[in-house]
Amino acid sequence: MIPSVLPTYNRAPLQFVKGEGAWLIEADGRRFLDLGAGIAVNALGHAHPALVEALTNQAQNLWHVSNLYQIPQQQALADKLVAHSFADTVFFTNSGTESCELAVKMARKYFYDKGQPERVEIITFEGSFHGRSSAGIAAAGSEKMTKGFGPLLPGFVHLPWNDHDAVAAAIDEKTAAILIEPVQGEGGIRPLPDACLKGLRDLCDEHGILLILDEVQCGVGRTGKLFAHEWAGVEPDIMMVAKGIGGGFPLGAVLATEEAASGMTAGTHGSTYGGNPLGCAVGCAVMDTVADPDFLAEVNRKAGLLRQKLEGLVASHPEVFEEVRGSGLMLGLKCKAANMDVVSAGYDNALITVPAADNVIRLLPPLNLTDDDIAEACLRLEKAAAQVSAA
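Counting along the sequence shown from 1, when you hit position 3 you're at 1307 in this note's numbering, and nothing is skipped either side.
The hints are simulated quantities; they were obtained by calculation from the structure and are not laboratory data.
Just so you know, not all the hints are guaranteed correct.
[As the list claims (entries may be wrong)] In the DSS-like style, the derived pairs of lysine-lysine whose C-alpha atoms are separated by at most 25 Å in a straight line are:
(1) Lys1638 <-> Lys1448
(2) Lys1613 <-> Lys1687
(3) Lys1687 <-> Lys1640
(4) Lys1409 <-> Lys1478
(5) Lys1529 <-> Lys1502
(6) Lys1640 <-> Lys1448
(7) Lys1613 <-> Lys1640
(8) Lys1638 <-> Lys1529
(9) Lys1638 <-> Lys1687
(10) Lys1478 <-> Lys1502
(11) Lys1478 <-> Lys1418
(12) Lys1451 <-> Lys1409
(13) Lys1529 <-> Lys1613
[Unchecked claim] Computed spacing ranges between beta-carbons, pair by pair:
(14) Glu1330 <-> Gly1616: 26 to 32 Å
(15) Gly1571 <-> His1462: 40 to 46 Å
(16) Glu1430 <-> Lys1322: 38 to 44 Å
(17) Glu1562 <-> Asp1592: 21 to 27 Å
(18) Pro1353 <-> Glu1627: 34 to 40 Å
We treat Cβ as the ideally placed atom computed from N, Cα and C, and that holds for glycine.
Start from the sequences and build out the full structure, keeping to the hints where you can.
Shown next, in the form of structure tokens:
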């Protein structure tokens, strides 16, 4: 008999009832150290006072009015994002998946309005993840994502990860854009080298096509810059954002230059809930904290401390781990043991990590975790590794 909640997840037998900073409290009272942050969503941890205040204040006044009207909170958040990024304009969504849908539409509409309707193809990469909508799974292209869901949305060209020559050879008169994650998340915490991202920007400029960056997981301070592409010193034409921007409240966005967004005129796209007062009030509070240079400097300092300890963990347990990957507080441990064994051992030691492809476990803690949290996390990882090694 099918359960009342559709069984599309293999859920761990854990029920969390409260959160405090980097900690989750299970229904039985156990305290878990959260290195998953809702898969990079709770950028400021659980029950952050500024986010609670923003949500509570807004909830007492106005929840929803629809995008038929001016929404001051939406305007305020859009202004903050434009001020702190390459973008000239922002459309708000509820999720990264919805952001992908709009990014694809925006790129194709751009060339249609330029009199090049044949430019509909978007180059994507092995190991990518762009959500689970029809466009998202077609963009990723992997059998795991697409099997049983045909016919797939056409117009995507799938290439190997980190093969510049293959990209250059694939661009033709049908190409509209290149879509890539600066750091692959679901794909196993694989950062794209800065030189490669610069090379993609150069290819797009050379051929007059658009560069779309998916920063749903790696954006909003996760790598120690507000957005991951800043490390390479390049700017996209379109960028997908979600997860951390709402700090736990469902919120996403598409950021774009005026030129790239020029085809998206009145009536070409919409969202019932996207950019509502509640979500944008919380998003403003997130941005006020995360965009602060001092906050980002602390993210980088703590990332260095955590990575140093993780390198030591790998060295002391070579039978369990191979290497540390990632950037900032978007880190991965490539495992020799089965990654789910490590995740499960983490649960046994009241520690939350997240599995990914390529036998990796992801460490995506709140950006404001403390030095004591880092020390305790590594102690628990050590215990989990010893448990796996002894099994």
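Now for the hints, and whether the structure bears them out:
The suggested pairing of Lys1638 with Lys1448 holds, with an alpha-carbon distance near 20 Å, which does not exceed 25 Å. Restraint check for Lys1613 and Lys1687: satisfied, since their Cα atoms lie roughly 14 Å apart, inside the 25 Å limit. Proposed proximity of Lys1687 and Lys1640 is supported: the alpha carbons are some 16 Å apart, at most 25 Å. The hinted pair formed by Lys1409 and Lys1478 meets the criterion: a straight-line CA distance of about 15 Å does not exceed 25 Å.
Annotation: proposed proximity of Lys1529 to Lys1502 holds, straight-line Cα distance about 17 Å (limit 25 Å). Only pairs whose Cα atoms come within 25 Å are accepted, and Lys1640 paired with Lys1448 is accepted, the gap being roughly 22 Å. A threshold of 25 Å between alpha carbons decides the hint, and for Lys1613 with Lys1640 the separation of about 18 Å falls inside it, so the pair holds. Taking the CA atoms of Lys1638 and Lys1529, the gap is about 24 Å. The hint holds against a cut of 25 Å.
Of the pairs offered as hints, the one joining Lys1638 and Lys1687 holds, with about 17 Å between alpha carbons and a cut-off of 25 Å not exceeded. At most 25 Å may separate the alpha-carbon atoms for a hinted pair to count; Lys1478 and Lys1502 meet this at roughly 22 Å. Our distance criterion of 25 Å between C-alpha atoms is met by Lys1478 and Lys1418, whose separation comes to about 13 Å. Among the hinted pairs, Lys1451 with Lys1409 is consistent with the structure: their alpha-carbon atoms are about 24 Å apart, no more than 25 Å.
Distance check on the hinted pair: Lys1529 and Lys1613 sit about 22 Å apart at the alpha-carbon level, within 25 Å; holds. Range check, Glu1330 to Gly1616: Cβ separation about 29 Å, and the 26 to 32 Å hint holds. The hint said 40 to 46 Å for the Cβ distance between Gly1571 and His1462, and at roughly 32 Å that hint is violated. A C-beta distance of roughly 40 Å is found between Glu1430 and Lys1322, which places it inside the suggested range of 38 to 44 Å.
Here the CB-CB span from Glu1562 to Asp1592 is close to 25 Å, well matched to the stated 21 to 27 Å. For the pair Pro1353 and Glu1627, the beta carbons lie near 37 Å from each other, so the given range of 34 to 40 Å is met.
Hint check: a violation occurs at hint 15 only; the rest are consistent with the structure.
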